[in-house]
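Enquirer: Sequence:
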Amino acid sequence: MSIAVDKISVLNESTSLGAFCRDRLSPLARSDQRRWGEVYVRGLVTVPGRKSIRRICDTVVGTRVDQCLQQFVNQSTWQWEPVRRNLAEHVSEAIAPRAWVVRDAVFPKNGANSVGVDSRYVPAAGRTLNCQVGLTVMLAGGSVGVPVNWRLLLPRSWDDDERRRGRAHVPAAQRHRPRWQVLLEAVEEMRHNWGLAPAPVLADVSDQQDVEPLLWALEERGLGYLLRVGQHVPVPPARTSSGRACTVGELAVLAVRPAARTLNWQIRTAARAAASRFVASPVSRDAEPARYGNVRMARRHQPARHLLAQWTVGRNRPKETWLTNLNVARLPQLIDLVGLDGLAAEHLGRMQDDVGLRHFEGRSYRGWHHHVTLASLAYAYRLGRELRESREDLAMRPYA
Numbered sequence: 001m002s003i004a005v006d007k008i009s010v011l012n013e014s015t016s017l018g019a020f021c022r023d024r025l026s027p028l029a030r031s032d033q034r035r036w037g038e039v040y041v042r043g044l045v046t047v048p049g050r051k052s053i054r055r056i057c058d059t060v061v062g063t064r065v066d067q068c069l070q071q072f073v074n075q076s077t078w079q080w081e082p083v084r085r086n087l088a089e090h091v092s093e094a095i096a097p098r099a100w101v102v103r104d105a106v107f108p109k110n111g112a113n114s115v116g117v118d119s120r121y122v123p124a125a126g127r128t129l130n131c132q133v134g135l136t137v138m139l140a141g142g143s144v145g146v147p148v149n150w151r152l153l154l155p156r157s158w159d160d161d162e163r164r165r166g167r168a169h170v171p172a173a174q175r176h177r178p179r180w181q182v183l184l185e186a187v188e189e190m191r192h193n194w195g196l197a198p199a200p201v202l203a204d205v206s207d208q209q210d211v212e213p214l215l216w217a218l219e220e221r222g223l224g225y226l227l228r229v230g231q232h233v234p235v236p237p238a239r240t241s242s243g244r245a246c247t248v249g250e251l252a253v254l255a256v257r258p259a260a261r262t263l264n265w266q267i268r269t270a271a272r273a274a275a276s277r278f279v280a281s282p283v284s285r286d287a288e289p290a291r292y293g294n295v296r297m298a299r300r301h302q303p304a305r306h307l308l309a310q311w312t313v314g315r316n317r318p319k320e321t322w323l324t325n326l327n328v329a330r331l332p333q334l335i336d337l338v339g340l341d342g343l344a345a346e347h348l349g350r351m352q353d354d355v356g357l358r359h360f361e362g363r364s365y366r367g368w369h370h371h372v373t374l375a376s377l378a379y380a381y382r383l384g385r386e387l388r389e390s391r392e393d394l395a396m397r398p399y400a
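Positions 1 to 400 (this note's numbering) are the ones given, in order, by the sequence shown.
Worth flagging that the hints you see were computed from the coordinates, not collected in a lab.
Just to be clear, a hint being listed does not mean it is correct.
Unchecked claim - The calculated label-pair distances, taken between Cβ atoms and stated as ranges, are:
no.	residue 1	residue 2	range
1	Q67	N113	18 to 26 Å
2	R317	G18	52 to 60 Å
3	D58	Q174	30 to 38 Å
4	G314	E93	27 to 35 Å
5	N113	P198	36 to 44 Å
6	P178	P198	26 to 34 Å
Cβ coordinates follow ideal geometry from the N, Cα and C atoms, glycine included.
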């Protein structure tokens, strides 16, 4: 492999992409790994259309070394965590993120042997797909959203299928777990292992019936959150007149009554003078948290929980609902955070084709993590370049 690496003369160290890769891939101990990493990132940034390993080699290197690049991505033992931490520190310094946005990334697949693939219902697509699903934590602020941490969500069907696990080289410790536990693990890695200053955690859990485990876990760690929840979710200990636990949707309807304690904010747009109304209302919590699996939620003083509901003018039911422990007295800032979730979703969608996030051809657990890590680097570079060009264009306009 080292002989092939020496032939890569196209990588001009004076280019900004070369400098970016040298900095971001510096945690890799071996020089050949750093150089192959740059080849792959450069291909994800520059190759048009589908970014297969063969096309990357043909375009970037100009010689057939696809077996070497395939080995680097899928079989090499380099650790992705230090590279992700390096990227997260770089992005945090550049944008001072206002939120850690948790999103799911869907990778449609053919066949049944790619790591973690299964047939499952995908809410964003509105249908069942044969796919992999990854969970990513994105640093978001201003107009920027960059994924810096990743987890592969393994379905239950992979837990006892030793044949598929062996072929995909899935570590023995990696099993199906509730999504909230995977989310918490990723956030804790960023907070403790990487030493990042935490920002409010934004996540869409509207397809979950029981959100209490995640709420208690975030509160116990002193983390702020803004979680999009389904209106069917029960909110104990609040009860209806019949004794049934109130749902989020029912509490939202009660919150808009004149007698309720609420905060209101009107969204004004060019299309409509008052397109949306946001209402914040306090929510009680159970006095004694439950045990969730092996996780015992400690009882301590926690910030107040609130329900945040968005109402479309003329409707009798809320459009969206969230639970939060952030300060609702600053409702405009809270609504701005809601917008960051959509911003992150937009950037993740752009990554699918812009830097080939969904073009990964390998089947191994290690290869999947290598690919999403290098795709995150490629997108961070591309986004930074776009922002620089935009500022330069703005600076030149007075002289045009």
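Enquirer: None of the hints should be skipped; say for each whether it holds.
Expert: Hints versus structure:
1. The supplied range of 18 to 26 Å is met by Q67 and N113, whose beta-carbon atoms lie about 20 Å from each other.
2. Range check, R317 to G18: about 54 Å between beta-carbon atoms, so the 52 to 60 Å window is met.
3. The beta-carbon spacing between D58 and Q174, approximately 34 Å, falls within the hinted interval of 30 to 38 Å.
4. Separated by about 45 Å at the C-beta atoms, G314 and E93 break the suggested range of 27 to 35 Å.
5. Under the hint 36 to 44 Å, the C-beta atoms of N113 and P198, about 38 Å apart, fit the expected range.
6. Here the CB-CB span from P178 to P198 is close to 22 Å, at odds with the stated 26 to 34 Å.
In this structure, the earlier hints numbered 4, 6 are contradicted, and the remaining ones agree with it.
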